[in-house]
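*Asks:* Chains as they are written, first to last, in the working numbering: chain B, 1 to 295; chain E, 1001 to 1316.
Hints were generated in silico from the structure; no laboratory data involved.
Mixed in with the good hints, there may be bad ones.
[Stated by the list, open to error] Just so you have them, the derived chain B footprint on chain E, three or more residues with Cβ under 8 Å: (1) 1099-1112; (2) 1162-1172.
[Said to hold, decoys possible] Some chain E residues flagged as far from chain B (calculated, every beta-carbon gap over 12 Å): (3) Ala1017; (4) Arg1155; (5) Lys1156; (6) His1177; (7) Gln1182; (8) Ile1211.
Just so you know, even glycine gets a beta-carbon here, dropped at the ideal spot from N, CA and C.
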Amino acid sequence: MSEVFGIPLPALLGQLMLGLVNGCFYAMLSLGLAIIFGMLNIINFAHGALYMMGAVFTWIALAQFGIGYWWSLLLVPLVIALFGVMVERTMLRRLYKLDNLYGLLLTFGIALVTEGLFRHRYGVSGLPYSIPEAFSGTFNLGFMFLPKYRAWVIAASLLTCFTTWFVVERTQLGAYLRAATENPQLVQTFGINVPAMITITYAVGVGLAGLAGVLAAPATQISPLMGTNLIIVVFAVVVIGGMGSILGSIVTGLGLGLIEGLTKVFYSQASNSVVFLIMALVLLVRPAGLFGRER
Amino acid sequence: MPNLSKVRLAGYGALLAAGLVAPFVAYPIFLMHALCFALFACAFNLLLGYTGLLSFGHAAFFGTAAYVTGHVVKTMAVPPGLGVLAGTAAATAVGFVFGSLVIRRQGIYFAMITLALAQLMYFFFLQTSFTGGEDGIQGIPRGHFLWMVNLADDRKLYYVVLATFLFGFVVIHRTIHSPFGQVLKAIRENEPRAVSLGYDVNKYKLLAFVISAGLSGLAGAMYAIVFTFVTLTSSDWHTSGEVVLMTLLGGLGTVFGPIVGAFAVVTLQTQLADKVGSLVTVIMGAMFIGCVLLFRRGIVGEAVGLYNRVLGRRPY
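Let the hints inform the model, and build the full structure from the sequences given.
*Replies:* Okay, structure coming up:
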């Protein structure tokens, strides 16, 4: 059996793979945060709560209504997006003229309410969700065993990230979106319905969080607390990467997931805090973030 | 506005009188709990209300001071007064380190970075040995203040806590109403302009951050002595959120707002905890939403607004 620095290679690769899976979630969540921030100028603190809702809804769909994984993969993000439309139309909309700190405080309140309600209803212990049949078992890659579900999560989220990048950077709709991010008034004078675009942006952003939640359901413990702990890490990811570029947030998310996985192998005590330490380092060296620009 | 300052003076008098009589009317532990958080919220308000910087990680300073105080008082048999000083010094030092990092970014990033750094502290407290990890530090002796006052007596301890609170309040008050405080307000209103007037904005922000962190630490250190235990709750993000809510509810950038907010939130928590259990979080979240959407000036801010409106109608 081959070893790297005294660590058996399969164990190392296994942890790296786990790190990559986590990195995929970081990437999807920070991507959503970045898109929402670009358009609404608000940091969506509720993002973690919506990710949690995605996972819990997936569990509810199966346990109460017998709706399986594949349908959940389609329906749950839509439900979360609808919830997002509601939040944007009834609450966030009133805050656009104010200091953007109020947006953070409001979404923090939404996060507390959703987390509290789910915690009241479902407790804090994990809800079980088994891996869909098509993805049970592992691939034998020769040098390691790769659980099929992990491979699927990585593939699905990379595809999602790529699609989002493509839509924003390479399509007409994306061009409107980027233009409206730069100068909403000007875009509106061209007859484009900016308020509707803002709503759609928020819905898509939180829909991504919901989708990440569905993907996470069979891979992690579903619990009402899973969202907020994750979102704080994602905030650090966003600070490290900067919110300037979509590709930047994807790369940063994946990279930090991998680094976290490596830390788990070599110095597991620090695996919770390594992302925050890297954030502090980046602030010292490059305050605007790796891909960011000062604004 | 001579009338407003008269009202304010009357407010100080009423506050002091209420503070002195309170332990004969209400449960001292509850009062001390509320006073600790009132000082914490006032310190937080110095940063958010007067400098315009939203820190989402102030529990780091509260928790640091609580742990350091608890540790030195319990295992090194340091008298509680010195223990509180040690805790406050530790929080000030952490505040300086965090502050130097976080003033490199502005606005919304400031909030995210403070939250992340506080989470770093949280994991440090979880894993290091002197904090007792998940168990926390239990059975911190209250001891004697200046070798004379036996702090095991709740009422005596209350007056020491009240005096400490008043000390912190006066420091904040002096800071706000000094030339330094005026510059802070200028930074809040228009940072580029403050820069163009030749102020070294970062130095001002850092000093405000350190003062705020130190006083938050003072609050946390007292909390450790009052409750004789420290747990991870003291440094987790819920606590950071609570102090934001207290300040917002009472009134951002008002002198008395954070005190009112702290008493309101602590009362709610202690009254509701056994009735609705885990739904307390939901209520706090709903209060956040309500404050932001309907009530942005907070209780004291709205009251002052109302008072001025009534005053404005009078022929003067």
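*Asks:* Decide, hint by hint, whether the structure agrees.
*Replies:* Each hint, compared with the structure:
1. Under a criterion of three residues with beta carbons nearer than 8 Å to beta carbons of chain B, the stated coverage of the segment 1099-1112 of chain E is upheld, 9 such residues being counted.
2. A stretch counts as covered by a chain when three or more of its residues have a beta carbon under 8 Å from one of that chain; for the segment 1162-1172 of chain E and chain B the count is 0, and the coverage is violated.
3. Listed as a non-interface residue, E/Ala1017 keeps its Cβ farther than 12 Å from every Cβ of chain B; the least gap is roughly 34 Å.
4. In this structure E/Arg1155 is separated from chain B by more than 12 Å, as the shortest Cβ-Cβ distance comes to about 35 Å.
5. Every CB of chain B is more than 12 Å from the CB of E/Lys1156 (nearest about 37 Å), matching its label as outside the interface.
6. Every CB of chain B is more than 12 Å from the CB of E/His1177 (nearest about 24 Å), matching its label as outside the interface.
7. Distance check for E/Gln1182 against chain B: the nearest CB is about 21 Å away, which clears 12 Å, and the non-interface claim stands.
8. Listed as a non-interface residue, E/Ile1211 keeps its Cβ farther than 12 Å from every Cβ of chain B; the least gap is roughly 21 Å.
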